[in-house]
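Undergrad: Sequence:
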Amino acid sequence: MSRVAEEIEEQEESLFEAPPMAEQERMIEAVLFAVTEPITLRELTERMPHGCDAAEAMVHLRKRYEGRGVQVCKIGDGYAMRTAADLGFLMQKETVEVRKLSRAAIETLAIIAYHQPVTRAEIEEIRGVSVSRGTVDQLLEMEWIRFGRRKMTPGRPVTFVVTQGFLDHFGLENARDLPGLKELRSAGLLENRPPPGTMPLVGEGEIEEESQEGQSELFED
Numbered sequence: 122m123s124r125v126a127e128e129i130e131e132q133e134e135s136l137f138e139a140p141p142m143a144e145q146e147r148m149i150e151a152v153l154f155a156v157t158e159p160i161t162l163r164e165l166t167e168r169m170p171h172g173c174d175a176a177e178a179m180v181h182l183r184k185r186y187e188g189r190g191v192q193v194c195k196i197g198d199g200y201a202m203r204t205a206a207d208l209g210f211l212m213q214k215e216t217v218e219v220r221k222l223s224r225a226a227i228e229t230l231a232i233i234a235y236h237q238p239v240t241r242a243e244i245e246e247i248r249g250v251s252v253s254r255g256t257v258d259q260l261l262e263m264e265w266i267r268f269g270r271r272k273m274t275p276g277r278p279v280t281f282v283v284t285q286g287f288l289d290h291f292g293l294e295n296a297r298d299l300p301g302l303k304e305l306r307s308a309g310l311l312e313n314r315p316p317p318g319t320m321p322l323v324g325e326g327e328i329e330e331e332s333q334e335g336q337s338e339l340f341e342d
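Using the working numbering, you'd call the opening residue of the sequence shown number 122 and step up by one each time.
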């Protein structure tokens with residue numbers, strides 16, 4: 122093979138060589154800095170040059186950001202850059218978004234988060250009262266819940282699950298990271314109610330009325 126042919130072959134092979142890992146990290150860093158929503162490894166792979174290993178580059182990048190003011194967080198199936206949790210107080214004035222929910226909405230959201238995928242009938246059975254369409258619509262509009270798969274039961278009822286936006290808002294990687302009942306009660310976010318059947322159930326209309334007088338700030342950021 123001639124010298125010219127060898128050089129051409131080397132150039133062709135170089136076109137398919139993946140960039141160095143440090144360069145792959147820089148690529149992922151640039152994308153995470155620019156995107157507004159968490160991005161998956163698959164989406165990163167599609168953007169990066171042929172032969173790149175987005176998963177390995179992400180591991181290195183996350184280690185590099187450990188202990189920094191900005192960290193690379195896993196949110197659901199995606200990744201995003203977020204302010205370190207212990208520095209969140211510095212961002213309060215810039216990022217606080219007041220989202221007041223009625224007691225009915227809070228209870229409905231909590232049931233969906235802890236029991237997903239769950240149907241409307243199952244939510245009503247757990248709460249002990251009917252769930253108004255307005256409550257569900259509010260949570261859907263906030264994009265904290267979405268429709269899940271239909272259950273393989275008579276009527277094929279639709280289910281509800283929490284969204285990636287919900288996880289992102291509360292700094293959770295997945296629903297398994299939700300606090301337990303003990304933590305919720307100690308934080309004052311859950312009332313110590315008597316066991317079911319020991320007191321009359323409050324109708325949803327009454328719940329909504331109570332919440333209008335002093336709406337719960339459980340889900341204020």
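Simulated from the structure, these hints should not be mistaken for laboratory data. One or more of the hints may lead you astray.
[Claimed, not checked] Derived CB-CB ranges, DEER-like: (1) 245 / 144: 53 to 59 Å; (2) 207 / 167: 46 to 52 Å; (3) 151 / 254: 41 to 47 Å.
Note that beta-carbon positions come from the ideal geometry of N, C-alpha and C, so glycine has one too.
Undergrad: Confirm or reject each hint.
TA: Taking the hints in turn, this is what the structure says about them:
1. 245 / 144: 53 to 59 Å: The hinted range 53 to 59 Å holds for residue 245 and residue 144, with Cβ atoms some 54 Å apart.
2. 207 / 167: 46 to 52 Å: Roughly 34 Å apart at Cβ, these two residues miss the hinted range, so it is violated.
3. 151 / 254: 41 to 47 Å: Given about 44 Å between the Cβ atoms, the range holds.
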